[in-house]
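Student: Below, each chain spelled out in residue letters.
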Amino acid sequence: MKALTTLIAMSGFLREYLTVLVFGAAAVAMVGAMLGAGSLLRPKRAQLQKYISYESGVDPVGTGWSQSQIRYYLFGLLFVMFEVETVFIFPWAVRLEDLGLFGLVEMVVFIAILALGLLYAWRKGVLRWM
Amino acid sequence: MNGLPMNGLPMNGLLVAQAGQPEGLAPLELPNVEYSAMAPHLILIGGALVLLVWVAMVRRRPPWAWAAFTVAVGLASLGASWLMWLDVGRNGPRTAVADAVVVDGYSIFFMVLVSVIVVLGALMGESFLKREDIRGPEFYVLMLLSSSGAMFMASANDLVITFLGLEILSIALYVLAGLDNRRMESREAAIKYFVLGAFSSAVFLYGVALVYGATGSTNLGEIVGYLQSSVAPANGVLLAGVALLLVGFGFKVAAVPFHTWTPDVYQGAPSPVTGFMAAGAKAAGFAGLLRVFFATFDTLKLDWQPIVWVLAVATLLVGSVLAIVQEDIKRVLAYSSISHAGFVLIGLQAANEKGLAGSLYYLLTYAFMVLGSFTVVTLVGRKGDARHDLDAYRGLSARRPALALAFTVLLLAQAGIPFTTGFLAKFYVISAAVEGRSYSLALIGMLSSVVAAFFYLRITVLMYMSTDEEEAEEARTEPLAIPRSMAVVLAVSVAFTVAFGLLPAPVIDFARDATLLI
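Going down the list, the sequences are from chains A and B. 77 is the number that the working numbering gives to position 77 of the first sequence; each next residue is one higher, with no gaps. Count along the second sequence from 1, then add 130; that gives the number in the working numbering.
Because the hints were derived from the structure by calculation, they are not lab data. Check each hint, because a few of them may be wrong.
No more than 30 Å apart at the CA atoms, straight line, and that leaves these computed lysine-lysine pairs for DSBU-like [unchecked claim]:
hint, chain 1, residue 1, chain 2, residue 2
1, A, Lys124, B, Lys513
2, B, Lys260, B, Lys322
3, B, Lys484, A, Lys124
4, B, Lys484, B, Lys431
5, B, Lys484, B, Lys322
6, B, Lys260, B, Lys513
7, A, Lys124, B, Lys322
Restraint ranges, calculated between C-beta atoms of paired labels, are given here [unchecked claim]:
hint, chain 1, residue 1, chain 2, residue 2, range
8, A, Leu96, B, Ala328, 27 to 37 Å
9, B, Asp217, A, Val105, 23 to 33 Å
10, B, Lys513, A, Trp65, 21 to 31 Å
11, A, Phe82, B, Pro531, 49 to 59 Å
Listing some non-contacts, in silico: residues in chain A with all C-beta distances to chain B over 10 Å [claimed, not checked]:
hint, residue
12, Glu16
13, Ala46
14, Gln47
15, Val61
16, Ile70
17, Leu77
18, Leu78
19, Met81
20, Thr86
21, Val87
22, Phe88
23, Ile89
24, Ala93
25, Leu99
26, Met107
27, Val108
Ideal Cβ placement from N, Cα and C applies to all residues, glycine included.
Only chain B is shown next, with the shape it has when bound in the complex (with noise of 0.2 Å):
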């Protein structure tokens, strides 16, 4: 610290009592907040504590309600994103409540993006919650507040508030993990979520207090000010509260070393919260992870880049191999999460303008396609969301010929096929890697991508293989319905994956002009 106080007075001017001022206390400077920079957050916050007054003080509890309740609220807080977008494109970025949050491009694109995820999410876990018979608006409540914690965790303009979002992001997380709490494994998912979640805030909120002692500031304006004037910046301290940084958004992103609590979670959270988490939890992590690497220790990039190299190429490898020898559905998309954020890492790891924006545009689409496979999971997975092993999927096509359909180019966009939004994904950050001169990290990336087609194609294949006599007889007696909201989703995320995959230029351009405030 520079020896002075917030407000500017000298130490001194502490102990001096002023008119009207109690005993040495100097007069308050109170920030200005405006509440209109943390729209879309509130109305998620407001629409929460509607929701638990609602089940709260009313008798009649109609379920579909709250999932329209929830769905009106992710729409609004969808159109106020857009009035931002719309005003940021006029007047341009800025900072809001004494520079702890910031309006830019970026954050509005992941204010955007959470929206959707909370709309589609609430439409997903409508029909579970009635097929699973668990009462109560929880799923909602806890969906809308975890998604404004992620929304703060883009919009941060500070380690706290970073550290904040995260938390809120988190706790709300751990709990819908074990949401399903008459299954012994969901349980058991959100008990392992919470001791290796809460670890690694704790070391995240170390890393913080290393890079305030180091630069005097947790305000990422500040801590850039501090290492741009400085001259030799680079100390043991402030590395060690970047890498000590880097390791707690690597757990909330699933990156290898720190993955291992992934598919175990996957595995045992409810379908739907297992969606959303893939979606929501990893777009949060990302969205804090690239602006404070980007916009905030872009000046440490040498020392940062070959530790995201590293972490890139062990993500994309571990995710992609141990991704083929799952026998659980949701094992291979867990292990196949981790190998699609270790294709944002390459974007991280470009350290340049396409890099970003190519980690955007995965992050979207990423998030339309792991919905819709979560959505088809959470359909085949039957009353008691237990049948997730692969042979659950054998001869799909024949009973269900548009779901396998639907879950097909769901799958073949995850593996990069062309003419769908992930093919777009993986060559926008690879190309970047390509400027970047990260020849070996792209052709990894080429590699792993090889690998991950395979098991995305065997699930392919034994959805489409003719089914045996046993099967037949079992999809006679127990017919697979699919309720309107799934299929909602399920069309949404399909023709946003092929029709932007045909079309790129729009959603192409909104990542492109997603750019940070620095």
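One chain only, chain A, in its complex shape (with noise of 0.2 Å):
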């Protein structure tokens, strides 16, 4: 306890955090002593129905380990390649005409290696919708 009372005067920049650190203990222990309160006061009647997985009323069908579809995780995969191609690409594009033709060639660089990736899935047949 002393040392933290230490460290935290020694840095005015962990003083300003310990506004968050108290907010979060306040978060926490109210959440606690709620969920705590209603689980001791609430009457509690086991039935086979309050045990299932909760959807919006619905009955849930199958079990948890049911297969699903993969191919828009593919798709989702070659769609984060090319955001982050585009966030690259922005600041680049602002700033072109003083990187000259070196920021050229270093985006031309990386394109490429990007379109490499993308023929290397559409070789491997992920863009066929199956």
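Starting from the two chains in their separate frames, assemble the complex, guided by the hints.
Tutor: Quick look at the structure:
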């Protein structure tokens, strides 16, 4: 405790974060008190239906380990790839005049490497909607 | 920060519109990118891209050609590293690419080591992939990319580049661990490694942020400058940052108590991948760890030495004691790799020149020993990569005397028997600890190597025990074939371990000359 107080006294940086710590502790305490009081006060009558996972009142079908289509996930991955590409291209495009030929060549190399990834994905049949 | 932007103009210079510039923007100062400083890294990345395009475009796909190509790429990067070594010998070490990358003996040492691991790993993988019928060049591509990350960790002169290298290394390794996705264990290993690895990366990054907050820079040179110029550099933020960096590196090198992923991942990953992981990822983790702690936080030595002492003792003891009770060869080797990490930490704890050279020598010699060992494990694992219980080694000498002999040499070298490189490596780090007056640590290191000798000898005894009738029958019906590429890996690793155990000077000189640029 003494070490903590000296640490806080030493650095104004940490003192600013004390607010966050206090708020965090208050939030945890409040949630804990409410849920704890609830579990102590409420009557407990076990019924099987109460233990089924709740999804907007619709009865769940099958188990949690059922198979689902993976194609959205693959498209999602490719989307992220080009999203990141865009994030890099926007600031580059703004300063292209300053960056000159060097910047142009570097960006072409960057896009080429990503394009190779797309080429690989295409030949692997990722882009086919099965 | 000192209130100046990167190009040295005062802050209000940002607000003044300059001729030919868009409103409110200072002219850019582009770093001079010297590609020669990163030649081996770029060769590996280029090789990986060529391999990807090759498999995508060409119909004819002979798998041996991919392995041959990967070996050629590894040899090319080895050659480039050697040229850089000669250049540094003539012109001295330097930094490049706006001080983000450093070319010194230390970084080139790891470039050489990683290139050798790539060559041996490709040879190991070739016949494994054929045997398990895993098609596609992904193994080689991911190994090349992962190795380039390892090189970046070694040559980084900026914590951000270290992190970049760490991620390039790790992300490829996560996929490699799950390469054999028909086996449940392989998938499990990939997920475990990914979750814990991502977590450790986050811890590492938080450490980088705190160090930046405390020193005002992520550049290792500038951090050193700040630490030397300030009167009382050690404050809570900086020390917390250093501790988090140590945790992040500790995960990668499997130091206790950050080792829990190691046995499961080593067991589940395909055997050649495990060999690559034990040799390459460990070397890369230590490459980053040793540079950051030896060169950068040298002035904070008195703060981190006791922590590293505790880590080293825990790693040595947990590694060698828990290896004894394992019944699976890959788990035994996993715990033994943990205890080897403890020996390298002894070199770090000594925090002197001899400790650094000893750690480097240990990593180099261990890479050969562990690659050879996992070659044997791959062979004995048979089709399906499943026969890894210790009983599979019973009577191996009767069926395959040469294989049993090679494995014996590699195991005894890991145990630290004289006339092998393993003995010299242990001797080197322990004498560094004695020089640094850490007598208790030196003693614990020696004790743990005695404990470790037990399980190495246990496997050796199993191999030379007479085999019963049932085993002999099985040996006849299911002969243990040794493909030529595997034989090459075994021959190289055994030859290196024995030859440089008898004539240690060249390798020891190589490790001693691999000095850091500070």
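Student: Against the structure shown, which of the earlier numbered hints fail to hold, in ascending order?
Tutor: 3, 5 and 25
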